[in-house]
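**Student:** Chain by chain, the residues run as shown.
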Amino acid sequence: MSSFKEMTGKVAAMDRTNVDTDQIIPKQFLKRIEKTGFGQYLFYDWRFKSNGEPDEKFELNHPATKGASILIANENFGCGSSREHAPWALQDYGFRVIIAPSFADIFKQNCLKNGILPIVLSANQVSQLLEKAAGQEYEMTVSLEQKRVYDETDFRAEFEIHPYWYQMLLNGWDEIELTLQLEQNIQEYEGKFLSGAR
Amino acid sequence: MGKTIIEKIWEKHVVHMEEGRPDLLYIDLHLVHEVTSPQAFSGLRMKQRTVRRPDLTFATMDHNVPTLNRREINDQVARNQMDTLRNNCEEFGIPLADLDSPDQGIVHVIGPELGLTKPGMTIVCGDSHTSTHGAFGSLAFGIGTSEVEHVLATQTLWQTKPKTLKIEISGTLGAGVSAKDVILFIISKYGVQFGTGYVIEFCGDVIRNMSMEERMTLCNMSIEGGAKASIIAPDDKTFAYLNGKKYAPQGDEFLDQILEWQKLTSDEDAEHDDVIEVDGSKIIPMVSWGTNPAMTAPVTERVPFLSECETEAEKKAVQRAFEYMGLEEGQLIQDIHVTKVFIGSCTNSRIEDLRAAAEIVKGKKVASGVNAIVVPGSQQVKKVAEAEGIAAIFIEAGFEWRESGCSMCLSMNDDIVPAGEHCASTSNRNFEGRQGAGARTHLVSPVMAAAAALNGHFVDVRKLAGVAV
Ligand code: SF4
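Residue numbers (the numbering used here), protein chains in the order written: chain A, 1 to 198; chain B, 1 to 469.
In short, the hints are calculated from the structure, not lab data.
Any given hint might turn out to be false.
Said to hold, decoys possible - Cut-off 20 Å, straight-line C-alpha distance, at most; resulting in silico cross-link-like pairs (DMTMM-like, lysine to aspartate or glutamate):
hint, chain 1, residue 1, chain 2, residue 2
1, A, Lys35, B, Asp83
2, B, Lys8, A, Glu190
3, B, Lys163, A, Glu160
4, B, Lys315, A, Glu131
5, B, Lys12, A, Glu183
6, A, Lys57, A, Asp45
7, A, Lys49, B, Glu421
All of these numbers come straight from a predicted model, not from anything done at the bench.
So here's chain A without its partners, still in its complex pose (with noise of 0.2 Å):
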């Protein structure tokens, strides 16, 4: 996982509240067994209409979202389905951060995992986000080095992230290679406790 620690970019807005997976990634994309690519397939059924264009209506669609790496949503952010593809989506398309009120587990996790940073901050702090991004330009910075994200005007707010978290994404340790180190362990509790499965 590659390392996070402070960044600045441009900000697209999303008032919807309860996005799923399922308009993330559209599961027609799920088929790929790969891990790259899934950013020209990020939220298909609404970034396009039924003749492929693009459609103009979609927040993402618009002129002053082209580039933005920090998403700002709604309540519930990520709910559904635990395919990964979402958070591959969004990271391809170019989002590393997204900021809402609230977010669905399973997203949540799958986020870290991948080293995009979900920012919880409160429904207040959201809509002021919202308002600011709305149909036009607007940069951010996030610093998890701080906990911290600003704008170069008056917004400023903190944010919290578990420890574990905190550490893992600053460093972009692999997790798997962590856990391996406590193989005693693990070891040592197969021999106390396993049955066995089957």
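Assemble chain B with the ligand onto chain A, guided by the hints.
**Tutor:** Same frame as chain A, but now just chain B with the ligand:
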């Protein structure tokens, strides 16, 4: 203070604990399917890692598989994904219920059916509906592909201890009301997020009276309320279900196990972080009308008026849902016409679901203009249904009888609801496009789906013959 069943299972599975870190949990059973696993196996290969416990891993293919002709898979990309799983299982020594196996089926149907799922276990799968297995008193939850890779490599997972929520359902369910209605009712009342950060324990009279199939339906859809997992303490019904199953312990070993499993209850003085009480007697058959499972109403009622929305955000979401679903505000549920009916999915494709639906269908005909399909959850379910004459009842009534798989639940294969058509579906998600671009899904129980198939629109199944009220 006493412990909840969730704490008991959790504590027994902690391999390593350390300040500032989640707990490292041992995983007893890892179920694998074709869609969320290929990248995990390539990850292993890239780092020259291996599968630590192929004996605790079990794979099947279900999401992509055709339900008509399994020998001819025209979709190259889908076929490639299935071949990839086959090759991965072979390379890493993982047992696989392949397309030609009598054990093949939807991963959450075959786990219990084969006796792989057992009380007290930690179970994971790269699939959100892994919560289904909680019906057996196991701690079972969905994971992403990175976690699939982690479990393959280490047989463990880093997990933060969840909060616990007790949902006690008292009373008795009326005739024609099933577990599907119970969970749809709960989600419609408490929303799609109430369970976020929690593991739910379902208990109460209604749960005790439920069959294992119904309990699975309930736990299956707890994820639609945001819960990480849900669990039901095992009882005699659980043990009876597991008795004689292929991978369940046999003979004396099984009896010994029961003594252990009986300890898996929440202690009298255990405290859950939150409690919800539901009166089961008040629940009536439910139909979803919108684009998430909370947008659901009793069949006797109507879809909301926009003026009833409490917040601007809700109003916006409801309006968007009306547009997508082609509904008018205030419209009666029973006036919604359907042209597609799907009985299947890991929520409602077990033998008991099919039996109940067949009761309604028996001797009747699917309404003209309606295309209805039944997709059994597994080859075993299919076989039993055929032997019992259930398949024949469906076929005579004009249903299509298919091979097992996920099918129209997410329409990754050819089973698609065309844009603009309404489908009465026994699956678990009514998200936009779930059953096909522009498809309009209505979540219902198997008997409600059957009734809709016969009438061409939603009807209160309690008013039909065959249901004793
Ligand atoms: S039946 Fe539907 S919900 Fe269940 S595993 Fe298959 S796709 Fe997922």
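**Student:** Provide an ascending list of the numbers of those earlier hints which the structure does not satisfy.
**Tutor:** none
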